[in-house]
Amino acid sequence: MMDGASHKIRLLEQSPAIEGQFSQFVESTDWQVVTQTHQAKTEQDVLRALAKSKLDVDDFAALISPAAEPYLLEMVTKSEQLTLQRFGNTLSLFAPLYLSNTCANECTYCGFSMSNAIKRLTLNESQINKEVAAIKSKGFDHILLVTGETNKVSMPYFERMIPLIKPHFSQLSMEVQPLDMEEYKRLQGIGLDGVLVYQETYRRTTYLEHHLRGNKSNFNYRLDAPDRIGQAGIHKIGLGVLLGLEDWRTDSLMMAHHLRHLQKRYWRSRFSVAFPRIRPCEGGIVPKSIISDRQLVQLIAAWRLFDRDLEMSLSTRESPTFRHHAVRMGFTTMSAESKTQPGGYADDAQDALEQFEISDERPVADIMTMIREQGRDVIWKDWDPALSGP
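Okay, so the sequence shown: first residue is -4 according to this note's numbering, each after it adds one.
One or more of the hints may lead you astray.
What the hints assert, rightly or not - The calculated DSS-like cross-link candidates involving lysine-lysine, where the alpha carbons are at most 27 Å apart (straight line), are:
1) K49 with K231
2) K376 with K114
3) K259 with K49
4) K231 with K259
5) K49 with K133
6) K376 with K133
7) K259 with K73
8) K180 with K49
9) K231 with K131
10) K147 with K180
11) K147 with K125
12) K133 with K161
13) K259 with K180
14) K114 with K125
15) K73 with K231
16) K73 with K47
17) K161 with K125
18) K147 with K161
19) K49 with K73
20) K131 with K161
21) K231 with K376
22) K114 with K73
23) K231 with K180
24) K131 with K376
25) K259 with K283
26) K161 with K49
27) K259 with K47
28) K283 with K125
These are computed hints drawn from the structure, not numbers from a lab.
Full structure from sequences and hints, please.
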C-alpha cells in the first residue's frame, strides 16, 4: 500500500529548493550525516557544551545525545536558571481557536485528514463571536487560530474573520496552511502578530510517506514558509516537528539549524518552538520513533541552553503530571483548557471531530493554581503591537 502511495507522491509537483532559503540547506544535507553528528557525541562534548555560555548547533547535538543523559539534572537546573534570568518568574497562557476542520490534505497522523468520514464544520461570524466570548470569559488575551488546510478556508476567509477576532485579543497568531509572502503581509496589516508552521519532519522521504495528497505534500513550499514569514516582517515565527514521525534527535537537530538560519536573516522577529508528540486521533498511526518523558525533558532543557531568548510552548497534548513538573523547566507559555474542534468552547461543535486527543483537560482555574503552586506567576499578555513601533 505504501509503495503505491509513494508512487503517486512522486508524480506530485514539488516546489524547487530556493537559493538562500532553508530548502537549499536541506537539499544539500545528508540525513544520515546529521544523525551521525549526535550519535558520535561523547561525555567530553557534553561537558564542553555545559560549560559554554553561547552554544552552537554542534553543542546542541551533544546535549540531545545519549551521552548527555547522565547530566539531565544539571541540564534542567541550568535551564530553569536561564529561563528565570531572561523571562522572569512568569508563564503566559493561550488558547487555540479552531476555525475549521475542513481539510483537503491526506495526512496519516491527523484527525482532520480528508479521508476520515467525519462531520466538517467551518465557523461563521456568529459562531466565531460565541467562541471569542467563551474564550475571553476564561481570561485569555493571547489566541492561536487553527484550521485544516483547504482553499475554501483561505485568504478571503482569513481577511474576513481576523478583523472580527483581533479587537478582543492583544496577541493573535495563526497555525494554518503556508501562504505566500505578500499574503502574510496583508494579514499582518489587519492584526496578525505571529505564525506557526510546523514542518512535522525534515526528512523528505518520511514527510512524503505521511502527506499523501493535497497541498501539504509540497515539502519545499512548507519548508520555506518561515522564510516567507520573516520576509513579510511578521513579529513572531514558530517552529516545531511532530515528535514520533522520525528519529526525534535528528529532526530536532535539523530544526536547530533552521532556527539559526532564520535568526541570521530575520533578526527583528521573535522565535518560538513547540514539542508536540504524536497523540491518538481518528485513523492515527503508531509512532516510528518513541520519545520518552525523560528524553522529552532532555530535549526541552537542551533547547533552553541552546538559546536563552527562545520562547518555548507546551500544549495540552501532554499529561497533567508532565505539565505539572514541566512548569519551571524552561517554558514561557502553555495552552490551557484547549478545544481542538471548531465550536468547542461555545458547545457549537455539533459532533465535529477533534484534531487529536487532549491529555490535560483541566479547567483554566486549575492550571493557574498549578502554576502558582510551582512559584510562578500567570500572565495573560506578554506583548502589545504598540511595542513594535512604525
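Hint-by-hint comparison with the structure:
1. About 22 Å separates the Cα atoms of K49 and K231, which keeps this hinted pair within 27 Å; it holds.
2. Restraint check for K376 and K114: not satisfied, since their Cα atoms lie roughly 35 Å apart, outside the 27 Å limit.
3. About 15 Å separates the Cα atoms of K259 and K49, which keeps this hinted pair within 27 Å; it holds.
4. Between K231 and K259, the direct Cα distance comes to roughly 15 Å. Compliance with the 27 Å bound is thereby established for this hinted pair.
5. A distance of roughly 39 Å separates the Cα atoms of K49 and K133; the hinted pair therefore is violated under the 27 Å criterion.
6. Taking the CA atoms of K376 and K133, the gap is near 14 Å; set against the 27 Å cutoff, the hint holds.
7. At roughly 25 Å between alpha-carbon atoms, K259 and K73 fall within 27 Å of each other, so this suggested pair holds.
8. Straight-line distance between C-alpha atoms of K180 and K49 comes to about 33 Å, which puts the hinted pair past the 27 Å bound.
9. For the hint pairing K231 with K131, the CA-to-CA distance comes to about 22 Å; that is within 27 Å, so the pair holds.
10. Restraint check: the Cα-Cα separation between K147 and K180 comes to about 20 Å, which is no more than 27 Å; the hinted pair holds.
11. The straight-line distance between the Cα atoms of K147 and K125 is roughly 22 Å, inside the 27 Å bound, and the hint therefore holds.
12. Proposed proximity of K133 and K161 is supported: the alpha carbons are some 17 Å apart, at most 27 Å.
13. For the suggested pair K259 and K180, the alpha carbons sit about 20 Å apart, so the restraint of at most 27 Å is met.
14. A threshold of 27 Å between alpha carbons decides the hint, and for K114 with K125 the separation of about 20 Å falls inside it, so the pair holds.
15. In summary, the hint linking K73 to K231 is supported, as the alpha carbons are separated by about 25 Å, within the 27 Å threshold.
16. The straight-line distance between the Cα atoms of K73 and K47 is roughly 12 Å, inside the 27 Å bound, and the hint therefore holds.
17. Simply put, K161 and K125 have alpha-carbon atoms about 14 Å apart, close enough for the 27 Å limit, and the pair holds.
18. Straight-line distance between C-alpha atoms of K147 and K161 comes to about 21 Å, which keeps the hinted pair within the 27 Å bound.
19. For a cut-off of 27 Å, the pair hint linking K49 to K73 stands: about 13 Å separates their Cα positions.
20. Distance check on the hinted pair: K131 and K161 sit about 12 Å apart at the alpha-carbon level, within 27 Å; holds.
21. Between K231 and K376, the direct Cα distance comes to roughly 15 Å. Compliance with the 27 Å bound is thereby established for this hinted pair.
22. For the proposed pair K114 and K73, the alpha carbon gap of about 47 Å is over 27 Å, so the pair is violated.
23. A hinted pair counts as satisfied when its Cα atoms are at most 27 Å apart, and K231 with K180 qualifies at roughly 13 Å.
24. At most 27 Å may separate the alpha-carbon atoms for a hinted pair to count; K131 and K376 meet this at roughly 13 Å.
25. Distance hint between K259 and K283 is unfulfilled; the C-alpha atoms sit about 33 Å from each other, more than 27 Å.
26. Distance hint between K161 and K49 is unfulfilled; the C-alpha atoms sit about 37 Å from each other, more than 27 Å.
27. This hinted pair checks out: K259 and K47 have alpha carbons roughly 20 Å apart, not beyond 27 Å.
28. For the given pair, K283 sits about 40 Å from K125 by alpha-carbon distance, which is inconsistent with the 27 Å threshold.
Checked against the numbered hints given earlier, the structure breaks hints 2, 5, 8, 22, 25, 26, 28 and satisfies all the rest.
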